[in-house]
Amino acid sequence: MISGFAILIAGFFGGYSLWNSANPERTCASCHEISPSHETWMTSSHRDIACFECHGTALSNGLHSLTEKTRMVRTHIAGDGRSDQISLTEAQLIGIMDRCTGCHQEEYKKWGSGGHSASYADIFLNEAHNRMEQPYWDCFRCHGMFYEGNIYDLIDPVSSQGPWKLINEEMESMPVILCSTCHEIHSENTPRMEYGTREDDSEVFYERKRRNEENHPKAGLYVRADAIFLRADQLPQPGIYTEDREIRVTQNPLQRVCVQCHAPDWQHYAGTEDDRTPSGVHEGLACMACHETHSNDASNACVQCHPVISNCGLDHQAMNTTYHDPGSPNNIHHVKCADCHEEPMR
Amino acid sequence: MTRYVTGRRDFLKSSLLATGGLLALPSCLKNYTAWQFFTEEEALCMSAICEQIIPTDIYGPGAGYAGVIFYIDKQLDEVFLDDREEYREGIRLIQDSAIQLHGMKFEALDFELQKGFLEQMEVGENRALSAEENMQQSALFRKMVQHTMQGFYGSPRHGGNRNYISYRLMKLDYPYIVGQNRYRDLKNH
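Chains D and H, in that order, are what the protein sequence lines are.
Mapped onto this note's numbering, the consecutive letters of the first sequence carry residue numbers 1 to 346.
Mapped onto this note's numbering, the consecutive letters of the second sequence carry residue numbers 1 to 189.
Honestly, I wouldn't trust all of these hints.
[As the list claims (entries may be wrong)] Simulated restraints, written as ranges between beta carbons of each label pair:
#1 D:T322 - H:Y176: 41 to 51 Å
#2 D:S21 - H:T56: 35 to 45 Å
#3 D:A298 - H:L172: 27 to 37 Å
#4 H:L172 - D:M132: 21 to 31 Å
#5 H:S155 - D:G112: 29 to 39 Å
In case anyone wonders, no lab produced these hints; they're calculated from the structure.
Since we're looking at a predicted model, the values are computed, not measured.
Ideal placement from N, C-alpha and C gives every residue a C-beta, glycine not left out.
Model the full structure from these sequences, guided by the hints.
Structure below.
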């Protein structure tokens, strides 16, 4: 009796493990609602990662995930589900983010050490900012873009007077910018190739990618207004202006992601509002030329182009800019020759 | 990170409904299509019509790439309920008359023949149709143009304009690149 029960339990879990590790075409994608997601996954850089490794299983989060999966079965059987209605909730995306860290530990640590790991409390309970600008719906364009509600559901009061509090205090520590903000996990791309897995050296080129597959930018932006993810090269190339001309902006598509949130005023004047597009002596550089993409760290930025032993003999790191001293009048993003040199240089 | 709590009542309710639903499993054996309203055959014809209305050209992709057919299909299923019969009957007449005039279905005609066919439909001069049918088809064509434009230029949220392709063709800065709405700036403008 006991051994029969043990065999039954072993059989159940064995079968369940087999189900989770099987080809998704035979499991998850056998539900027609999942087929489009399966098709995009098949062309993504994560095509070698099984569904459950990111999405979890019916048992991975206790009763909650079991209920979630049961609800999916119910919707499927009732015939209420359509593929275009499938989207992940903010809680699910945070769950997936936990699993991203299983492989992308380095990126996660860098993200955690930079400004993009800000929490709901950091952003929406920032007193100085809220007094300057009343929280409103457009905040969600760059912070909390997956939040399932509007500003009145999130914060009280919605005014520039305060004091403010989050209506659901449990959200205070939740991050407002998730991996999915800038990375579409199913986005078409090629997987990185590990050493020793290639069959033919000639198939491999720069960064161990397959030569015969097109490579797309790995980042983009989730556009809350239309609930779609746009790859960086599909975002608009910004036109940024000074008083007398349009400045040169790098053609690096990742710059288009940065400028969506670090954006200038409506007239697109360089340096206005949150714009950090390099102008002046650094015109044409990409943000990524100085900032690490996940941590935004720029601590070694100057020496990338201005080595200590340089022809001019200047220590650029010690020059009077905001890089050296945040209180300097010469913003490193926009500093011009004339800011330091009274006479035109010859 | 966040942990999620589900009530026992919620769990039991879902479980019971799902278990009951398992009895309906044979419903999974139905042939599902990607379409909500159209049949596979209708979708092929409608896709070709949309691509005629906004064709791929030197300036960029047309209605086919933009997924306009998905917009029309979705709207006919959810919003344009009064237009359903007109579309269904209209597509049937298009196919019947294409076979009668050219010996093949509309989507199988070459691009120029399709164009000529639709030009006749627009002005109500399809030789294979009666005067009354021509009037109906002419009205339907105008509706198809309208819906195709909506799908091509509207928000992707509604099913078309894939990846904002029409906005990029028009060189619109979208999503808008605009900074914060600080009070100090509002005072200055």
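Hints, one by one, checked against the model:
1. D:T322 - H:Y176: 41 to 51 Å: For T322 (chain D) and Y176 (chain H) the Cβ distance comes to about 28 Å; the hint is violated.
2. D:S21 - H:T56: 35 to 45 Å: holds, 42 Å
3. D:A298 - H:L172: 27 to 37 Å: holds, 32 Å
4. H:L172 - D:M132: 21 to 31 Å: holds, 30 Å
5. H:S155 - D:G112: 29 to 39 Å: holds, 34 Å
Comparing the model with each numbered hint stated earlier shows that hint 1 is the single one that does not hold.
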